[in-house]
Amino acid sequence: MYDELIQDTQAAQKELHLILLCDCSGSMSVQGKIDTLNQVMRDTIPMLQDVAQDNPQGKMLVRCIAFSDRATWHIQTPTSVDQLHWSPLQADGITEMGDAFVLLADAMSKDKMPAHAYRPVVVLLSDGAPTDQGVSFDKGMEAINNSPWGARAMRVAIAIGSDANIDVLKKFNSLSEVDVLTAKNPDELRAKIRYATVTLSQFAIRPPTQTNNAIAPPPVPDAPVAAPASAASDDDDDWGSW
Amino acid sequence: MLTYPNKGDKLFLGSTKTYCVVGDLLGDGGQGRVVQVMLDGQPYAVKWYHPYYHAHDPGLYERLRQAIDQGAPNASFLWPIETVSSPDVSGFGYLMRLRDARYRGLSDLKWGKDHKRYVRRTNRILATIGYNIAECYQCLHLKGMCYVDLNEKNVFFNPADGDTLICDNDNVDFDSQAKLEVGTPGFMAPEVQRGEARPNVLSDFHALAVLLFELFMLHHPLMGRASLKYPIEDVGIPKLFGTNPVFIFDPKDDSNRALSSNEHPEAAFAGAIAVPRWRVLPSFMQDLFVKAFGDGLHTPQARVTEGTWRRAFLRLRDLTFPCANPDCGNDNYFDPERFKSQPGPPKCAYCGQPLKKPVRMRIDNRLVMMNLGVSLYPYHIDSGRPFDLAKPIGIVAAHPLKAGVIGLRNLSDTNWSSTLPSGESVDVPPGKSALLETGVTISFGRATGEVRR
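Heads up: the protein sequence lines correspond to chains U and C, in order.
Heads up: the first sequence runs through residues 249 to 490, numbered per our numbering.
Heads up: the second sequence runs through residues 10 to 462, numbered per our numbering.
It cannot be assumed that every hint is accurate.
[Said to hold, decoys possible] Here are the simulated DSSO-like cross-link-like pairs (lysine-lysine), alpha carbons at most 30 Å apart as the crow flies:
1. C:K162 to C:K238
2. U:K262 to C:K300
3. C:K122 to U:K262
4. C:K125 to U:K262
5. C:K248 to U:K360
6. C:K300 to C:K261
7. C:K366 to C:K356
8. C:K261 to C:K188
9. C:K16 to U:K432
10. C:K188 to C:K125
11. C:K238 to U:K358
12. C:K356 to U:K360
13. U:K262 to C:K238
14. U:K360 to U:K419
15. U:K262 to C:K248
16. U:K262 to U:K432
17. C:K349 to C:K365
18. C:K400 to C:K356
19. U:K262 to C:K366
20. U:K358 to C:K248
21. C:K122 to C:K365
22. C:K238 to U:K360
23. U:K262 to C:K162
[Claimed, not checked] Now the in silico label distances, taken between C-beta atoms and shown as ranges:
24. U:W321 to C:S185: 52 to 60 Å
25. C:D263 to U:E425: 53 to 61 Å
26. C:L398 to U:D291: 26 to 34 Å
27. C:S99 to U:P362: 40 to 48 Å
28. U:W321 to C:Q310: 52 to 60 Å
29. U:D435 to C:A399: 48 to 56 Å
30. U:Q381 to C:K188: 35 to 43 Å
31. U:P396 to C:D109: 44 to 52 Å
32. C:S270 to U:D291: 33 to 41 Å
33. C:Q362 to U:D435: 57 to 65 Å
34. C:P247 to U:P396: 17 to 25 Å
35. U:E425 to C:P401: 52 to 60 Å
[Claimed, not checked] A partial selection of chain C residues facing chain U, derived with a Cβ cut-off under 7 Å:
36. G121
37. F183
38. D184
39. L227
40. D243
Simulated from the structure, these hints should not be mistaken for laboratory data.
Just so it is clear, CB atoms sit at the ideal spot from N, CA and C, and this is done for glycine as well.
Construct all of the structure, not just a fragment, from the sequences and the given hints.
This is the structure:
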């Protein structure tokens, strides 16, 4: 029977959803924090692309929610990392984190996610505390935990600067092995975002494990991590400068 | 103290004053970073461990020293040459050969045709890669060592000739003393996945079988329809790979059967890509996988060993022949058993066009497709000879003047004799060619080959 010819098609590729929740409240504009965040994201995309290149069994899709006075999709369509471009976030307003959680929970519902996928990675970045004027933090968390994929996601919070409320952010974390990641300077932010996005995505697609216990994510690096050489390649088209 | 060496830093080899100089960062992985270094004007690579990794793996340094003392099992291993350290950087790393940029990762085979990382390959090259991988791990195991965390990320191949490299040789230990409990889901043997055994040579056998299956089938051997019960990938791992593993082509148990693409919308996750590939795999090869993922799942001693894989892959390779359709470029297996069971003339499994019968030779019970450029090796003409692909004894070549006429050039240093269909006997001294035409027989000394086309 030759009803099914062999074709050079892509091997099975499950989706890995990476969703960023970015605090864009007014305080993020102080001392260029939002600019640093934007730069770190631009810097991180090539590393995510490297992970995608090395893992044909995974299709890495990125979304981003920005929240201040309210939560909106900064990147709404799940975007393949190869096509991902970072348009800068702007900071202004208060910290309606609960709203962002509701938006996330909705995106993590059964009908909005594929039937089969890797464990999603959700990263919350904030420099303050939720203001709770709309949906409260706790109500938002409840919505996440009631959504099938949100409840199962690897959720990690990154506290930017020294004013973030770590105790509150801790409630967002779903990995017992990973504390709230703190970033007090640009190098730390880079290292922590890299860990939360690149390392955890890689881990979701292909976890290296210990044999005798549950699958544990790799430890958080205790030093800033350099970008691979490929991420800092020269721009061949730019002949105007060195 | 720094935690990682920087560009321009000197790293000292062992306890000597010899040093290499750090160049560009090549990669950053779970265990450490790999940087290029220069030593005596030659480029090498150094893997430098993350500071936190040492606590994770206290036996690392001694294992590295042991591996260095033992030396590489064969030239395909990017084996630790020497440990390196620096007075200015905490921790250590090891020096190894640099991987040539032509080599590709095994998982690159999973990219589809329209992806930039797609690797064009033939079944002949795949069989060569399978043979080489099996040979490498056989060499390692014969030294009494086990690899521990064998997975697709450790193996690289040259798409041009199937040459293979084995990387990440820092978990390697003697089988009886291996303590390290690391593994990659899907490659860990069921007893290791369940936490009942430590990785050892027998669990390497399982990982090797998974690797070889994926090489040809592009899908995991235990991810069939039962895996569709688990929407989130990692939830199914303990059952599918540990407590209840079932082969997707198990002839007796269809609970985890591979699904064809027309059977289920999510069939891609249940092995749809493997279904047509499995169908064309000759039965002797299917039998090995059925054994590896049948008895072999539950009885580690019943797993398929490297020698068996090597023999099978050479046999498989000898059966490949190119499709006659110039737009196709793929090759098929010459498999009379399967051809007989199919209605009508055999067609290419890739393009559907009718296949053209290849020129073939039977030497004792061994069948070899005599495609242009194919070499014969000592094992072909003397079953007592070990597999050694270093020096061919003959090569199939076109007649320099007569179009369509092909011959087998004698590359050995002994005389062959050939008998033509007319009964005429012809001497074939070294350097000369024997005609490859139906009815011709070639006497190689011990064995005689019979040609058909």
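Hints breached by this structure = Going through the list in order, the structure violates hints 8, 10, 12, 16, 18, 19, 25, 26, 30, 37, 38 and respects the others.
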